[in-house]
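Undergrad: Once you have looked at the hints, place chain B on chain A.
Chains A and B are the protein sequences, given in the same order. For reference, each letter of the first sequence is one residue, going 1 to 328 in my numbering. For reference, each letter of the second sequence is one residue, going 1 to 328 in my numbering.
Quick caveat, the hints were computed from the structure, so don't treat them as lab data. Note that the coordinates shown come from a computational prediction; the quantities given were computed from them, not determined experimentally. Hints are supplied without guarantee of correctness; some may be wrong.
It does not matter which identical chain is used: a pair holds within one copy or between any two.
[Unchecked claim] The calculated lysine-lysine pairs, modelled on DSSO-like cross-linking and capped at a C-alpha distance of 30 Å, are:
(1) Lys2 / Lys263
(2) Lys263 / Lys193
(3) Lys263 / Lys157
(4) Lys293 / Lys48
(5) Lys167 / Lys146
(6) Lys293 / Lys50
(7) Lys157 / Lys270
(8) Lys195 / Lys64
(9) Lys37 / Lys64
(10) Lys46 / Lys167
(11) Lys157 / Lys136
2 protein chains.
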Amino acid sequence: MKVCIIGDCGGHIGCIFDGENQNIEYIGASVSSEYEKMDSFLRFAKSKGKEIPFYENWKDMLIKLNPDIVAVDTVFSNHAKVAQFALENNIHVYCEKPVATEIKDLEGLRNAHDHSGARLFAMMTMRYEPWFYTAKKLIENGAVGKILMINAQKSYKLGSRAQFYKKRQTYGGTIPWVSIHMIDQILWLTGKKCKSVYARHSAAENRGCGELEMTAIIMMELENDILCHINTDYLRPSNAPTHGDDRIRIAGTDGVLEVREGKVYLINNKNDGIQVELLKPPKIFDSFLHYIKSDYDPIYEFCDGIYSTYVSLKARESADSGHVIRID
Amino acid sequence: MKVCIIGDCGGHIGCIFDGENQNIEYIGASVSSEYEKMDSFLRFAKSKGKEIPFYENWKDMLIKLNPDIVAVDTVFSNHAKVAQFALENNIHVYCEKPVATEIKDLEGLRNAHDHSGARLFAMMTMRYEPWFYTAKKLIENGAVGKILMINAQKSYKLGSRAQFYKKRQTYGGTIPWVSIHMIDQILWLTGKKCKSVYARHSAAENRGCGELEMTAIIMMELENDILCHINTDYLRPSNAPTHGDDRIRIAGTDGVLEVREGKVYLINNKNDGIQVELLKPPKIFDSFLHYIKSDYDPIYEFCDGIYSTYVSLKARESADSGHVIRID
Numbered sequence: 001m002k003v004c005i006i007g008d009c010g011g012h013i014g015c016i017f018d019g020e021n022q023n024i025e026y027i028g029a030s031v032s033s034e035y036e037k038m039d040s041f042l043r044f045a046k047s048k049g050k051e052i053p054f055y056e057n058w059k060d061m062l063i064k065l066n067p068d069i070v071a072v073d074t075v076f077s078n079h080a081k082v083a084q085f086a087l088e089n090n091i092h093v094y095c096e097k098p099v100a101t102e103i104k105d106l107e108g109l110r111n112a113h114d115h116s117g118a119r120l121f122a123m124m125t126m127r128y129e130p131w132f133y134t135a136k137k138l139i140e141n142g143a144v145g146k147i148l149m150i151n152a153q154k155s156y157k158l159g160s161r162a163q164f165y166k167k168r169q170t171y172g173g174t175i176p177w178v179s180i181h182m183i184d185q186i187l188w189l190t191g192k193k194c195k196s197v198y199a200r201h202s203a204a205e206n207r208g209c210g211e212l213e214m215t216a217i218i219m220m221e222l223e224n225d226i227l228c229h230i231n232t233d234y235l236r237p238s239n240a241p242t243h244g245d246d247r248i249r250i251a252g253t254d255g256v257l258e259v260r261e262g263k264v265y266l267i268n269n270k271n272d273g274i275q276v277e278l279l280k281p282p283k284i285f286d287s288f289l290h291y292i293k294s295d296y297d298p299i300y301e302f303c304d305g306i307y308s309t310y311v312s313l314k315a316r317e318s319a320d321s322g323h324v325i326r327i328d
Numbered sequence: 001m002k003v004c005i006i007g008d009c010g011g012h013i014g015c016i017f018d019g020e021n022q023n024i025e026y027i028g029a030s031v032s033s034e035y036e037k038m039d040s041f042l043r044f045a046k047s048k049g050k051e052i053p054f055y056e057n058w059k060d061m062l063i064k065l066n067p068d069i070v071a072v073d074t075v076f077s078n079h080a081k082v083a084q085f086a087l088e089n090n091i092h093v094y095c096e097k098p099v100a101t102e103i104k105d106l107e108g109l110r111n112a113h114d115h116s117g118a119r120l121f122a123m124m125t126m127r128y129e130p131w132f133y134t135a136k137k138l139i140e141n142g143a144v145g146k147i148l149m150i151n152a153q154k155s156y157k158l159g160s161r162a163q164f165y166k167k168r169q170t171y172g173g174t175i176p177w178v179s180i181h182m183i184d185q186i187l188w189l190t191g192k193k194c195k196s197v198y199a200r201h202s203a204a205e206n207r208g209c210g211e212l213e214m215t216a217i218i219m220m221e222l223e224n225d226i227l228c229h230i231n232t233d234y235l236r237p238s239n240a241p242t243h244g245d246d247r248i249r250i251a252g253t254d255g256v257l258e259v260r261e262g263k264v265y266l267i268n269n270k271n272d273g274i275q276v277e278l279l280k281p282p283k284i285f286d287s288f289l290h291y292i293k294s295d296y297d298p299i300y301e302f303c304d305g306i307y308s309t310y311v312s313l314k315a316r317e318s319a320d321s322g323h324v325i326r327i328d
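In isolation and in its complexed conformation, chain A is listed as follows (with noise of 0.2 Å):
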C-alpha cells in the first residue's frame, strides 16, 4: 500500500509508523495551506527510517503518485476539501477529526464518500485507548443493562497553541476539535442516534488565544431516554500528572461503569465498584488498514467520522446561537 501524508496539525498523524503495516510505502508529504509545516514530521519519519519526498502541492501530488491512501492532517478547516478531492480520486482517506469544519463541507465530504471507491476513516484515536475500549466490550456484553445516562469529560492542558487554533476559520471550535471525541465515544458505546443537543461554550480568560473556546459544557439526548452530557475543558494545571483527564460514566439499569484516569471501574451485580482488567485494542491505523479491506468489526462502527462530526457542528451551533437544536 502507497501512502501520501499532508499536514501534520493535530498531534495524532504519528500512528501511521505504529502497528504492524509492513508493506506500506510512504511515497510523498505534503501541506495544504501557510498554517502547516512538515519538517518536523519529515525529520521524525527518517528517525524511523524513512525517507519522504516532500511536494510544494498536495493536489499535484495526489495526481502524480496517485496513492491507494492519503493520511489528512492539515489545519482543521481543510480536512473536509483535502479528504473530498482524496475520494473522488478514489484515494482512501485516514482522516484527523473533524472531518469538516463546517455543514457544508460535511455534506461535500459525505456526497463524496458516497460516491468513491475509497473509504474514509477519521481518527478517532480514543476508541483505541484500552480503557475506553474495554468499556465498549463491557457494554456490549452488557455490563450495565439498558443505558439510560451517560456522563464524559475531555478536560486539557491549554500549553502553547499554535496560531490557527486561535481563529475559528482555521480552528473550527474546541467542541469539534475535542469535545467530538467524547461525542463520539457516547455515539459509538450506545450506537443509538442523536435526537437534540444544547452547548454553550466561552472563550473568557484564554490567555490569549484570540477565539479558542476554554470551556463548553454539551447536553445530548439519544433515543431511548438516554441523557448524556459532556464537559470540556482547557483547565488543567500545567504541573498535572497528565495532558489530558478523560473521562466516562455510564449508567444503566443493571450497572455504572466508570472510566477516569486510564481505568475502568464496574458497579453491578457481580461487581462491586471494582476495577476491571483492561483488554488490548489493536492499532487505530491498522484497524484502519484491515476496514479498507472491507472486514467488519464492531470497532468500526460510524468510522468514518461524518455523523459524529455532524452532531458536533450542530453542538457548536447550539452553543453560539443559545438555542436547542432538534437533530433528526
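TA: Relative to chain A, chain B alone:
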C-alpha cells in the same frame, strides 16, 4: 427555645437532636397530610429521652403551643404551605428542601418571609458535609482562581420509595428533590446568580415508581461566564458501598478542585492533585440556631433556600418543556 416538628418525610429531620443545642424543648409533633406518619420519629425521639406529645392538627398545634421554631419535614409539596403559615405567625422555620414545589407557593413563601419577624432556613445538608465545606473554604481562599466551570453529580440508590415519591403532585420531581443539593452547592460556592437553565429528565425504567424521574441533567449558565452542569440519577446499584455518589468538580483560572467519595482533591500551582485535609463544619441545626440569633457567617449565604428552589423549579420547567429558560 421551644420546637415543634411537622412530618418525617425527607430523612434529615433527625439532625434536630444533633449538635450542642442544649436549651431546646421539643414540645409538639404533628403531620400535614395522609402521607405522613410520626410513629417512627416519636419512637426515635423517645430513644433519645424526649417524650414529644402528638397533635392531630398542625395548625392548631402551632397556634396553641406558639413555639419559637418549627421543623418542617412534610410531604414535599406541603413544605411551602406549612412554612408560610409559621412565618406569618413569627415562628422560625427549619425546613426540608425544596422549600416549595411550585413557583406560586414559593412566591407566597417569599412574601411571608419578607414580612415576617422570623427566619427561614432550608436543610441544605450537603453544605455541612466536611468535603463540601472544605471545598467552600478553599474556594474562598482562591484555590482555583476565577471559577469558569463546575460539574456536579448526585447519584442515589432507588431503594424502596414511599407512595408520595411516585406522584409529581406530592414529590415535586427529582430535580427539586435531589438535583437541588447541587444547584445549591453551585450557587453557594460561586456566590453568583444563574442566567439561564436547560434541563432534561426521564422517568423511563423507574421500576414501578410512577412519575418519579430516574435521570436528569441540568445545564446552568451563571454570571461571569461560568458554565455548570449537574447529572442526577437513581441508578446507583444496591450493592454500592454508599447510598449516594456525590461529586463536584470546580475548574478555574488557577486550578481544579474536586470532591469525590468524601475526599477533596486539588491541583494548582501548590498542589499536585493531592488529597486535602478536611475541615470540620458545625452541625446544621446548631448553624440554624446561630443564624436565627442574627449572627452572620458565609456558610449561611442564601440559607433560606428560596433562590436554590427557584432555580430548581425553573430547571424542572425546562426539563418538562424542552426549552431553555432565561432567569432574571
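Undergrad: Does each hint fit the structure? Answer for all of them.
TA: Checked hints:
In this homomeric assembly, Lys2 and Lys263 never come within 30 Å of each other (Cα to Cα): the closest approach is 37 Å inside a single copy and 53 Å across copies. Taking the shortest Cα distances, Lys263 and Lys193 sit within 30 Å of each other inside one copy (27 Å), while across copies they are farther apart (37 Å). Taking the closest pair of Cα atoms, Lys263 and Lys157 come within 30 Å of each other both inside a single copy (20 Å) and across two copies (24 Å). In this assembly of identical chains, the alpha carbons of Lys293 and Lys48 lie at most 30 Å apart only when taken from the same copy (26 Å versus 75 Å across copies).
Taking the shortest Cα distances, Lys167 and Lys146 sit within 30 Å of each other only across copies (24 Å), while inside one copy they are farther apart (41 Å). In this homomeric assembly, Lys293 and Lys50 come within 30 Å of each other (Cα to Cα) only inside a single copy, at 24 Å, whereas the closest approach across copies is 79 Å. Taking the shortest alpha-carbon separations for Lys157 and Lys270, only the inter-copy value of 17 Å comes in at or below 30 Å, while the best intra-copy value is 37 Å. Taking the shortest Cα distances, Lys195 and Lys64 never come within 30 Å of each other, neither inside one copy (44 Å) nor across copies (57 Å).
Proximity of Lys37 to Lys64 under the C-alpha cut-off of 30 Å is restricted to the intra-copy arrangement: shortest distance 21 Å within a copy versus 84 Å between copies. Proximity of Lys46 to Lys167 under the C-alpha cut-off of 30 Å is found in neither arrangement, the shortest distances being 32 Å within a copy and 69 Å between copies. Taking the shortest Cα distances, Lys157 and Lys136 sit within 30 Å of each other both inside one copy (26 Å) and across copies (25 Å).
The structure fails to meet hints 1, 8 and 10 from the earlier list, while all remaining hints are met.
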